[in-house]
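Sequence lines, in order, name chains A and B. Take the first sequence: its letters are residues 69 to 268, numbered as in my numbering. Take the second sequence: its letters are residues 349 to 711, numbered as in my numbering.
Read the hints as simulated data drawn from the structure, not as lab findings. Where is the CB? At the ideal position from N, CA and C, for every residue including glycine. Treat the hints loosely; a few may be bogus.
To be verified - Derived contacts from chain B toward chain A, CB cut-off under 8 Å, selection only:
| no. | residue |
| --- | --- |
| 1 | 517 |
| 2 | 520 |
| 3 | 526 |
| 4 | 536 |
| 5 | 538 |
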Amino acid sequence: MARMKFLCDAERCINCNACTTACKNEHDVPWGINRRRVVTLNEGKPGERSISVACMHCSDAPCIAVCPVDCIYQTEQGVVLHNKDLCIGCGYCFYACPFGAPQYPQASNFGSRGKMDKCTFCSGGPETSHRPEEVSKGGYGRNRLAEGKLPLCAEMCSTKALLAGDGDEVSNIYRERALVRGFGSGAWGWGQAYQMKSGS
Amino acid sequence: MQAATRRKPTAFGRILVLLGALLLPLALTASGTAETPEGLPPTMGPPQGNLLMSGNQAEMWRAVRMGISGRVSILDEKAGTLVQSGGEDLRAFRNGPLSSGGGWLLLASVLVVSAFFAYRGRIKIDRGKSGRTVERFTGFERLIHWVMACSFIVLALTGLNMLYGKHVLLPLLGPVAFAELTQLGKYSHNYIAFAFMASVAVMFVMWVSHNLPDRLDVQWLAKGGGLFAKGVHPPAKKFNAGQKVIFWAVVLGGFSIAFSGICLLLPFEIHPFAATFKILNLVGFALPTDLSPLQETQLALLWHGIMALLLIAVIIGHIYIGSLGMQGALAAVTSGQVDENWAREHHSLWLAEHRGEKVGGDD
Ligand code: HEM
Chain A
69 MARMKFLCDA ERCINCNACT TACKNEHDVP WGINRRRVVT LNEGKPGERS
119 ISVACMHCSD APCIAVCPVD CIYQTEQGVV LHNKDLCIGC GYCFYACPFG
169 APQYPQASNF GSRGKMDKCT FCSGGPETSH RPEEVSKGGY GRNRLAEGKL
219 PLCAEMCSTK ALLAGDGDEV SNIYRERALV RGFGSGAWGW GQAYQMKSGS
Chain B
349 MQAATRRKPT AFGRILVLLG ALLLPLALTA SGTAETPEGL PPTMGPPQGN
399 LLMSGNQAEM WRAVRMGISG RVSILDEKAG TLVQSGGEDL RAFRNGPLSS
449 GGGWLLLASV LVVSAFFAYR GRIKIDRGKS GRTVERFTGF ERLIHWVMAC
499 SFIVLALTGL NMLYGKHVLL PLLGPVAFAE LTQLGKYSHN YIAFAFMASV
549 AVMFVMWVSH NLPDRLDVQW LAKGGGLFAK GVHPPAKKFN AGQKVIFWAV
599 VLGGFSIAFS GICLLLPFEI HPFAATFKIL NLVGFALPTD LSPLQETQLA
649 LLWHGIMALL LIAVIIGHIY IGSLGMQGAL AAVTSGQVDE NWAREHHSLW
699 LAEHRGEKVG GDD
């Protein structure tokens with residue numbers, strides 16, 4: 069089965085934030101929460117680069133390891149999902165995540181920050197299937213994967229900087245690209261996300 | 349999408365590609381093929397713009413791995429950090445040494461107490477109960493003790509549940525009931541914390557003057573507090589050396605736990621570790637002093653766990669000796685009235701003082 073991965077090509081990202089916007093719109097992501105964001109490095113200087121970043125759906129994901137209620141899990145396709153009904157809003161997953169992906173409705177930890185929210189690789193939550201009436205059930209957003217579609221952020225990306233899909237295909241595209249243009253700064257974040265223990 | 353991209357290039361496209369092929373080698377200093385082969389889909393080939401690869405780039409990516417921040421159009425500054433590696437350290441330590449070490453520590457504490465019970469049994473009042481009692485703790489003192497004790501036990505159980513619950517209770521209760529319980533536990537932990545903090549502060553003021561170390565303590569400790577032999581009762585005032593150790597463990601440990609707990613209630617707001625590490629570095633440590641708010645919070649979580657487990661291990665001993673382990677001790681914090689013979693054996697100087705007798709043996 070395909071192992072889903074994201075890849076952002078820093079040589080192509082133009083910081084247009086369409087991915088962020090598409091994601092917010094597709095999933096009705098509440099105000100204050102961004103499942104995807106674009107970070108610009110060396111802004112205004114030679115060598116400026118932008119990177120679109122969200123949950124990378126890590127192999128051996130640290131968030132799963134530290135969650136006290138075991139509400140985060142990984143699907144067969146490598147997508148890291150969580151069950152909002154079980155989440156207690158402790159914030160540990162944010163502390164552990166290398167990419168700052170988990171988000172909460174409240175900043176403080178008094179009592180609870182509310183249910184964690186993060187990128188679902190456009191595959192909904194534990195209860196959502198592809199049926200239209202379940203599209204927004206539980207606040208996970210749409211399940212595009214079940215409809216045979218890839219994450220909207222990558223599909224929308226005008227420069228094809230952001231790639232999403234079967235990890236092997238994604239890395240093939242990137243490798244060919246780097247070969248053709250003669251350089252590439254490496255598949256950003258992949259070492260962190262996918263090469264830890266179990267890999268694949 | 350694929351169909352569209354495989355279209356044959358138009359004449360205009362060909363000119364563009366040609367132009368690109370002519371111009372790009374000028375712009376690129378890096379070696380390698382720069383021209384776009386014909387018929388390549390737009391997912392391939394060189395993108396637009398200034399693509400000078402310099403040594404800086406490699407340096408920039410290294411800096412990213414080290415956790416530098418960029419600009420992001422979100423109000424939350426932390427979102428500017430692309431990768432943070434502190435999370436891996438947090439996970440490795442919390443799920444590793446903290447969990448396993450803490451588990452062994454608690455087990456060791458229970459084992460030591462059991463071994464002591466097996467060896468010594470319940471420590472009896474040597475002369476038996478006299479039937480006359482004397483007030484050891486006032487109502488207020490007892491109130492503070494129990495506010496602290498109850499809040500501590502709730503905090504300890506709910507805290508341990510955060511750390512170990514998914515391995516212990518989750519398989520028993522199932523995910524839904526366990527999550528509900530843990531949520532309730534989290535609310536309790538976060539609010540009952542204030543009762544604990546208040547009781548530590550009051551107890552400190554109330555009892556500090558009785559807990560300053562003095563020469564009697566050396567004597568008491570030299571005799572093992574009389575714990576290991578029948579009929580040995582080194583003199584002690586209101587608190588003996590063992591109780592003083594508990595007092596300071598609770599005050600200092602409690603303060604440290606409370607402070608790190610507040611750092612967790614207000615995550616990213618309080619930054620005590622960089623300042624502490626700066627001081628520690630003066631005496632030969634080499635700890636990082638440039639910590640991000642996230643790293644401060646990660647350290648607070650680990651420190652909170654370490655201190656909590658240590659204090660729980662100590663308190664297990666305290667609870668044992670104050671209840672099952674010693675006849676007549678529990679009354680001090682329940683009715684407040686202890687038997688005179690108990691007081692004479694364990695707190696001889698305090699008893700004498702309490703009755704207005706002249707006290708000797710101490711300076
Ligand atoms: C005195 C004030 C205290 C405050 C403000 C406090 C606060 C917190 C907070 C905010 C957390 C993070 C989880 C959550 O959001 O609920 C936590 C975890 C924890 N607390 Fe406390 N706490 C306090 C006292 C204690 C005491 C007295 C103990 C034990 C004797 C304790 C043991 C723990 C443990 C074991 C954890 C879990 C650590 C982990 O999961 O790594 N806490 N505490």
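Cross-check of the supplied hints:
no. : hint : verdict
1   : 517  : 10 Å, violated
2   : 520  : 13 Å, violated
3   : 526  : 6 Å, holds
4   : 536  : 10 Å, violated
5   : 538  : 6 Å, holds
Hint compliance for this structure: hints 1, 2, 4 are broken, all remaining hints hold.
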